[in-house]
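Visitor: Sequence:
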Amino acid sequence: MPGGRLTQQDRQQIALGLADGLAYAEIARRLDRPTSTITREVMRNGGPTAYRADLAHRATEHRTHRRRRAAPRGSEAPPQAHGRDAEAVREYEEVFATVFMQSGLPKMTARALVSLYTTDTGGLTASELVQRLQVSPASVSKAVAFLESQGLIRRERDERRRERYVVDDDVMYQSTMASARATAHLGETARQGVSILGPGTPAATRLENIARFVDFVSESIARAAEQAREILHTKPETTSDSTT
Numbered sequence: 002m003p004g005g006r007l008t009q010q011d012r013q014q015i016a017l018g019l020a021d022g023l024a025y026a027e028i029a030r031r032l033d034r035p036t037s038t039i040t041r042e043v044m045r046n047g048g049p050t051a052y053r054a055d056l057a058h059r060a061t062e063h064r065t066h067r068r069r070r071a072a073p074r075g076s077e078a079p080p081q082a083h084g085r086d087a088e089a090v091r092e093y094e095e096v097f098a099t100v101f102m103q104s105g106l107p108k109m110t111a112r113a114l115v116s117l118y119t120t121d122t123g124g125l126t127a128s129e130l131v132q133r134l135q136v137s138p139a140s141v142s143k144a145v146a147f148l149e150s151q152g153l154i155r156r157e158r159d160e161r162r163r164e165r166y167v168v169d170d171d172v173m174y175q176s177t178m179a180s181a182r183a184t185a186h187l188g189e190t191a192r193q194g195v196s197i198l199g200p201g202t203p204a205a206t207r208l209e210n211i212a213r214f215v216d217f218v219s220e221s222i223a224r225a226a227e228q229a230r231e232i233l234h235t236k237p238e239t240t241s242d243s244t245t
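If you use our numbering, the sequence shown corresponds to residues 2 to 245, in order.
No lab work stands behind these hints: they were computed from the structure.
Fair warning: there could be bad hints in the mix.
[As the list claims (entries may be wrong)] Result set (SDA-like, lysine to any residue): computed pairs, CA atoms no more than 25 Å apart in a straight line:
1. LYS108 x LEU134
2. LYS143 x PHE101
3. LYS108 x ASP121
4. LYS108 x GLN151
With the hints as constraints, model all of the structure from the sequences given.
Guide: Right, here's the structure in full:
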């Protein structure tokens, strides 16, 4: 695999590949690059439907210049636990945050959530998030307040009575159930319009169809979440070696 950063010509080939509907793996094969390189490049620059080679190239140059300008001379990135590649971790966190942003999360909220997901402890204090993200305490406060309201994180006190923001296995379940409830509420609201607009009218029929669809989806989500929680969170039973 060739080393070095992607060139502008590489990015043009990526854009052409996306336009032709090629998979990331196929684009990577044609450029003789790792698939992960193509995935990161596309996801951090608008995703497969909005990727533009010229914009991606300028954005990369801008990020590189900004990092060089921000880093004081002689400073180095702190060592990563478990021998991780600091640059690879940083790039992965950018990609992960971009995926959350494409699902509707604000940028700072997405970055805060990724920081919690990728820390080994699964929890960070507000000051630790400020340090990791290099943002103001107010920005962190706003981000975690939104995440908590969506059931994506929870608060707890550590041994020093500091408030920590935590993600764990149950948080994803709670978040999914919250999403199912929000979807169900949409169905209820749509159904209320049926009587107001008049049963049997085109508009009321449309709303009734929406309500039925949403009901089915929300019930399916809740049922799948319950099943996943029961199966994935159940510890395997130990078997005895006794014979009869």
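Visitor: Next step is simple, just say for each hint if it's right about the structure.
Guide: Cross-check of the supplied hints:
no. : hint            : in the structure
1   : LYS108 x LEU134 : holds (11 Å)
2   : LYS143 x PHE101 : holds (17 Å)
3   : LYS108 x ASP121 : holds (22 Å)
4   : LYS108 x GLN151 : holds (16 Å)
The structure fails none of the hints (numbered hints given earlier).
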